[in-house]
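Student: Protein chains in written order, with my numbering: chain A, 3 to 304; chain B, 163 to 728; chain C, 190 to 408.
Hints may contain errors.
[Stated by the list, open to error] A short, non-exhaustive set of chain C residues, derived as facing chain A with CB atoms under 10 Å: (1) Thr200; (2) Leu206; (3) Phe249; (4) Leu291; (5) Phe356.
[Said to hold, decoys possible] Below, simulated PhoX-like cross-link-like pairs (lysine-lysine); rule was C-alpha separation at most 20 Å, straight line: (6) B/Lys527 <-> B/Lys615; (7) A/Lys58 <-> B/Lys188; (8) B/Lys615 <-> A/Lys52; (9) B/Lys319 <-> B/Lys527; (10) B/Lys537 <-> B/Lys527; (11) B/Lys615 <-> A/Lys48; (12) B/Lys348 <-> B/Lys269; (13) B/Lys675 <-> B/Lys663; (14) B/Lys268 <-> B/Lys188; (15) B/Lys536 <-> A/Lys58; (16) B/Lys527 <-> B/Lys675; (17) B/Lys537 <-> B/Lys318; (18) B/Lys318 <-> B/Lys269; (19) B/Lys268 <-> A/Lys58; (20) B/Lys268 <-> B/Lys319.
[To be verified] Some residues of chain B that are not near chain A, with every Cβ distance over 12 Å (derived): (21) Asn184; (22) Lys318; (23) Asp349; (24) Ile503; (25) Thr600; (26) Phe682; (27) Leu728.
The hints are simulated quantities; they were obtained by calculation from the structure and are not laboratory data. No residue lacks a Cβ here, since even glycine has one placed at the ideal position from N, Cα and C.
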Amino acid sequence: MHTKIVQFILILILSPFLFGVINRTKAFFAGRKGSPLLQLYYDIFKLLRKGAVYSKTTTWIFVAGPIVSLSAVVIASALIPFTGYPSLISFDGDIVLFIYLLGLARFFTVMAALDTGSSFEGMGASREVQFAAFAEPSLFLSLAALARLTGSISLSGIFSSAVINSWAAFGPGIYLVFGAIFIVFLSENSRIPVDDPNTHLELTMIHEVMVLDHGGVDFAYILYGAAVKFWLLGTLLVSMFLGACSRGWGIDVAIFIFGMIFLAVIVGIVESVLARLRLLKVPHFLIIALALSVVALILTMR
Amino acid sequence: MNIVFCSLTIFIMSGLLALSLNRFVKLANYIGAIGAVCACVLGLSSLFIVYNSPGCAELSIPWFVPDGSLSVAIDSLGALFLFPIFILSALAALYGAEYLRHYYGKKNIGSAWFFFNLLIASMVLVVISRNAILFLLAWEMMSMSSFFLVLFEGEKKEAAQAGLIYLIAAQIGTLFLLAMFILLSKDSGSFDFPGSQITAPGFLHSIIFLCALIGFGTKAGFMPMHIWLPEAHPAAPSHVSAVMSGVMIKTGIYGLLRVINFLGTPCVWWGWLLIFIGIVSGIFGILFALAQQDLKRLLAYSSIENIGIISMGIGLGVLGMSMNNPTLIVLGFAGGLLHVINHAFFKGLLFLGAGVILHETGTRKIDLLGGLLKKMPVTGFCFLVGAAAICGLPVLNGFISEFLIYFASLKGIFGSGITVFVCLGIIASLALIGCLATVLILLIAALRQMLLKGRRVERVLTWDCGYAKPEARMQYTASSYVQPIADFFRGILRTQKHGPKISEYFPDVSFFKTETADLFSETVFRPALKFIHRLAERLTGVQHGQLHLYILYILFTLIALFIWKL
Amino acid sequence: MEMPIDFVIVTVLLMNLMMLSSSRIRTCIQIAAVQGILVGFMPVIIDIHSILPGIIIISFFSIILKGMIFPGLLFRALREANIRKEVEPLGGYPLSLLMGVLMFALSFWLTSRLEYAQPLISYLAAPVSFATFFTGALIIVSRMKAITQVIGYLVLENGIFLFGAVFLGAQSFLVELAILLDIFVAVFVMGIAIFHISREFDHIDTHKLSELKDLITKK
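Chain A on its own, in the form it takes in the complex (with noise of 0.2 Å):
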């Protein structure tokens, strides 16, 4: 139980750090120094301090949105497992709770992003919903193909070594779901090719736009939601390769913990090396993980 909540806790604590990580990556890529690792923790705590400004087209769903999403992305980060090991509430079905906590921390960001009447966030949380319409089939035919394959329905149960097991008898099979997954990833944490987080124009940008209006200690929530959000999509992609050995806990822990830093690592490489997809190309580029995903899950099926 310990060990439960201290993983619990891990996550909460380390996830922002990836961050950093990424923006150095891009910067080395870029021949410059970047911003310190930590920046991310910075900006929280500058915005935990500032006051706030309000739109006044604004209702009361603007302020409940980033409380919401930030809430429920936190009690999706207690269904996660860590490294293989069971996660702080895991039980059957958790992969169902798990996505639909994501849409919960969806739909209230697109609700606050549509009550401040401005058609900039309306075009953002438009597109968001848009790819989320690919991107949540596609994570829940993935994982159903893994839930397939290790005979366990909850996030815990699959990854807690089985995925590691099957690799001998299934290779391809999870080779296509973590290529499925992977997509998934990075359209759901706004990231190159499908959305870039430093573009500021806001014709372009997709999760930025949504979150324009907000400032203070909501946009800090919103920014400390979606680190955490990567962390819990990262640990499905990193779960895949590490898993519980009999090493014990804490040197499993930091080795979890470092490839993490090293997906983060590939995320900046990916965002250096790669262009922004065009905004019409996106849905294809989504279809190909749901095609993946498919195919995945039917080769299961023998």
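Given the coordinates of chain A, work out where chains B and C should sit on it, guided by the hints.
Tutor: For chains B and C alone, coordinates are given in the frame of chain A:
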């Protein structure tokens, strides 16, 4: 059982009273509403009695119709459907009393209440009847009374059109049900409902199942037979739409379940067919819902989607029955039935909310609406809760039924068993998560409150990228919100866009209009009806208005019948 | 289960999907070529311990033909007919990708009903070879350009070859050779035809060939 009869009597008596007191509008309105509410409460209380002692709710008396008796009963399946019927109807009646005040002097309030109460009474009768003839009578009464309610504003062209489509759909459905019941009585020898039979699925049973699927599916709104829903729901008054969409279409699901129960062990392909229909209704229903601009039409399409989800659950259950997999049976049927109840409540809520919006703003066009949460905070909040619930988001009821269906399909993939212990564990975990979520939301909100204390909180205009005077017309409309995804699925939705092509730098007054016709009614039903119409035109030669020839026809028919029988 | 074989087979499957979703003719040809090479290696990988010289020869020829000569011819045709445009599937890329996945599901279901005489080398081989076959057919049906139809034939042949290599063993290669020869002729004729069509009509869209009908009737 007596209480249910009392409640049925109150329904009909209050309806008749409202009809006869039509001249005193206010009185008719209140009598109708109060009668409906009283009857519903009475009916609900009978359910509790049934719940406590399941055996007592049966009644069978001989009647004049051959082959069977006038028998009614409430069993657990029936009670499950009666529960939302009574609750939602009572709420809708309360709402309707207020809603119809708007129409004093313009409309016939008494008859509206008469048909409304008749509709509820017939729904109750459908669920409790245990005889095919009685069932069909109640079924027809239900279709007819709702047909007249759809025609409430029958002087409008689209309402009349909607009524006609609904009438035709209902009749086609009943036709199949008639065939189904005749086949069924052939099988069992009586028009009384047979008990559950365990026989091998034969060819006849498959035919019965298909007839039931088409007949009940037309009422429920399975995808190819759904076309009356998006027409009839917007035309009816909002409290009627709530009842129709919330519970009346569920009688189709009830009938399907009842018939499946008669047929013993089902074939495997029945389950797959139901799942397939569910998937098609779900995906296509929600896609077409996206492209709608009429709020109530959108809700009608969303009903089709939810019927699809219910059908998936039932399909999984049927699959479990045929494969003898108790896990799948329990989870599938539980998910489907729970979704029946859930959908009755949140769709009822949404339709009533849409009614308020229509009442206050005078329009159902979503694109013209905006900023309602500020003007109508209570309605807005309720509508938002309904919307979140219909999305199946956690913490609200829609999640649980969808969770069960997901769980059934995931478990179905593995074919592994489930114990009560696991179920309890899941329930406990879900409850824990619910509590945790509430606490966390409160904590985070409190943290925000604490942090903002003593700091400057300002209210300004929404930042709008340098526009000097942002106004409401610049808001993103619902159509623009769904445009990307509607465009992506343009092959299915076939949205027509109308508007002048802009060629100059400073265009004139411009307009833009989109409309999305129903795929099936355009590609399947319209051509089919055209064909029938052409065929019927050829027959017009027979009808020439000369009486003696008509009598000749009758004579020929009689002789033919004699020859056939002798 | 033999891991490398599974990987190769899944790669073949992914190549089908890539071909269905890619928009450039050049990419399509390249993928078809690589797929041909992969499939050509199949007979060798399957029986790595007891390779007959005949199998090596067949394998060698098919790799040379499908991996080098056919693509070369197609690229030449591209150059000479001066085709730059994209693939233009009927109904868009997402739809054809979806169709590809559906085809795979269908072939998975179909092959699960087959009964095999000998134990399977890989349970994926049959469905993927069927899917490849269907993908070829889909490309032929849904694409406008004559040259993409040739690519479709190539993919179709890859599917047949894969099936033959995995299930029929050595005796199938006579059939294989005949089909290869057919394809060879087909590519040749198509190449010439495309060249001439483009010289006469300035385009190689097959659906515009139907205009020829009018020309004849007018004359």
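Student: Regarding the pair B/Lys319 and B/Lys527, is the alpha-carbon distance no greater than 20 Å?
Tutor: It holds: about 17 Å lies between the C-alpha atoms, which stays within 20 Å.
Student: B/Lys675 and B/Lys663 were given as a pair; does the straight-line alpha-carbon distance stay at or below 20 Å?
Tutor: holds (12 Å)
Student: Starting from B/Lys318, check that the Cα of B/Lys269 is at most 20 Å away, please.
Tutor: The given pair, whose Cα atoms are some 13 Å apart, holds under the 20 Å limit.
Student: Checking hints one by one. Is C/Phe356 an interface residue toward chain A, by the C-beta closer than 10 Å rule?
Tutor: violated (17 Å)
Student: Could you grab the alpha-carbon distance between B/Lys536 and A/Lys58 and see if it respects the 20 Å cut-off?
Tutor: Measuring from Cα to Cα gives roughly 10 Å; hence the hint holds.
Student: Quick check on the hint: C/Thr200 CB to chain A CB, less than 10 Å?
Tutor: holds (8 Å)
Student: Should the hint that C/Leu206 touches chain A count as held when the rule is a Cβ pair under 10 Å?
Tutor: holds (6 Å)
Student: Check whether the Cα positions of B/Lys268 and B/Lys188 lie no farther apart than 20 Å.
Tutor: holds (13 Å)
Student: Do the alpha carbons of B/Lys615 and A/Lys52 lie within 20 Å of each other, as the hint requires?
Tutor: holds (11 Å)
Student: So if I understand the rule, the pair passes when the alpha-carbon distance is 20 Å or less; does B/Lys348 with B/Lys269 pass?
Tutor: Status violated; Cα separation ~47 Å.
Student: Since B/Phe682 was said not to touch the interface, does its Cβ keep a gap of more than 12 Å from each Cβ of chain A?
Tutor: holds (22 Å)
Student: B/Lys318 clear of chain A by more than 12 Å, beta carbon to beta carbon?
Tutor: holds (32 Å)
Violated hints, in rising order: 3, 5, 6, 7, 12, 17, 19 and 25; the structure is consistent with all others.
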